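**Q** Numbering (the UniProt record's numbering), first residue to last: 1 to 184.
Check the hints yourself; a few may be wrong.
Claimed, not checked - Cross-link-like lysine-lysine pairs, in silico, PhoX-like; alpha carbons within 25 Å at most: (1) Lys45 / Lys2; (2) Lys36 / Lys2; (3) Lys2 / Lys18; (4) Lys130 / Lys177; (5) Lys115 / Lys176; (6) Lys2 / Lys177; (7) Lys36 / Lys50; (8) Lys176 / Lys2; (9) Lys2 / Lys50; (10) Lys177 / Lys115; (11) Lys18 / Lys45; (12) Lys130 / Lys18; (13) Lys36 / Lys176; (14) Lys48 / Lys2; (15) Lys36 / Lys48; (16) Lys130 / Lys50; (17) Lys115 / Lys130; (18) Lys18 / Lys50; (19) Lys48 / Lys18; (20) Lys177 / Lys36.
Rather than coming from a laboratory, the hints here were simulated on the basis of the structure.
The structure presented is a predicted model; accordingly, all values stated were derived computationally and were not measured.
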Amino acid sequence: MKIALLGATGQTGQYLVKQALEQGHTVTAVVRNPAKLVVHHDNLKVIKTKPYCRTQKSPDFTEEKTYRKGEACVSRTNTRANSGTQSPFLIRFLLLPMIRSVLSNMYEMERFLQKSEDINWTVVRPPGLKNLAASAQEFLTHEGYFVPDSGGQTAVGRGDVARFMLSLLNSNAWVKKGVAITTK
1 MKIALLGATG
11 QTGQYLVKQA
21 LEQGHTVTAV
31 VRNPAKLVVH
41 HDNLKVIKTK
51 PYCRTQKSPD
61 FTEEKTYRKG
71 EACVSRTNTR
81 ANSGTQSPFL
91 IRFLLLPMIR
101 SVLSNMYEME
111 RFLQKSEDIN
121 WTVVRPPGLK
131 NLAASAQEFL
141 THEGYFVPDS
151 GGQTAVGRGD
161 VARFMLSLLN
171 SNAWVKKGVA
181 ITTK
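When you get a sec, could you build the whole thing from the sequences and use the hints?
**A** And the structure:
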């Protein structure tokens, strides 16, 4: 499958690129700084672009034809944006105010996707992220912002998040939905 990937130079994006290539996919990574992408492969094409600017109508994709040919487009992962009412005191009153603008941007992105009729999307919501490679652990999933009865899991390995995201390419179970994930 051809995959256009936004966020390929991020920590989770690096795992996603590597696993997608290992599975035989062709990946087009749309990045601001190609030097940050540590993976090199014959099936990896890197497109350098400028970051999205509020004055632009859309991102400046220098090779838009290649980008549009992707069968799947994957963008950044999303940790629980609306879990404030479920969070301990320190998170709600110390951490959330510091990252409120990021959460607001994620909420805007989700609202945009929900209104899009011509885009098949899935928002993946791990509770938090650890810098761990993919494991063989089973996933627990739930539509929404958190997985009930998750046994107190507070983070998922980035490799497992990438593994889950790639599994979505072969399933329609979570199309046009937000899915909270964790591992057993």
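**Q** Evaluate each hint against the coordinates.
**A** A quick look at each hint next to the structure:
1. Lys45 / Lys2: 11 Å, holds
2. Lys36 / Lys2: Distance of about 22 Å is within 25 Å: holds.
3. Lys2 / Lys18: Holds, because 14 Å separates the two Cα atoms, which is no more than 25 Å.
4. Lys130 / Lys177: 24 Å, holds
5. Lys115 / Lys176: 10 Å, holds
6. Lys2 / Lys177: Holds, because 22 Å separates the two Cα atoms, which is no more than 25 Å.
7. Lys36 / Lys50: Between Lys36 and Lys50 the Cα gap is close to 15 Å, so the pair holds against 25 Å.
8. Lys176 / Lys2: 20 Å, holds
9. Lys2 / Lys50: 22 Å, holds
10. Lys177 / Lys115: Status holds; Cα separation ~12 Å.
11. Lys18 / Lys45: Holds, at roughly 13 Å.
12. Lys130 / Lys18: Holds. Lys130 to Lys18 sits at ~17 Å (cutoff 25 Å).
13. Lys36 / Lys176: 31 Å, violated
14. Lys48 / Lys2: 18 Å, holds
15. Lys36 / Lys48: It holds: about 11 Å lies between the C-alpha atoms, which stays within 25 Å.
16. Lys130 / Lys50: Answer violated: Lys130 to Lys50 is near 28 Å, above 25 Å.
17. Lys115 / Lys130: 31 Å, violated
18. Lys18 / Lys50: 23 Å, holds
19. Lys48 / Lys18: The given pair, whose Cα atoms are some 19 Å apart, holds under the 25 Å limit.
20. Lys177 / Lys36: 31 Å, violated
Figure legend: structure checked against the earlier numbered hints; hints not met, in rising order: 13, 16, 17 and 20.
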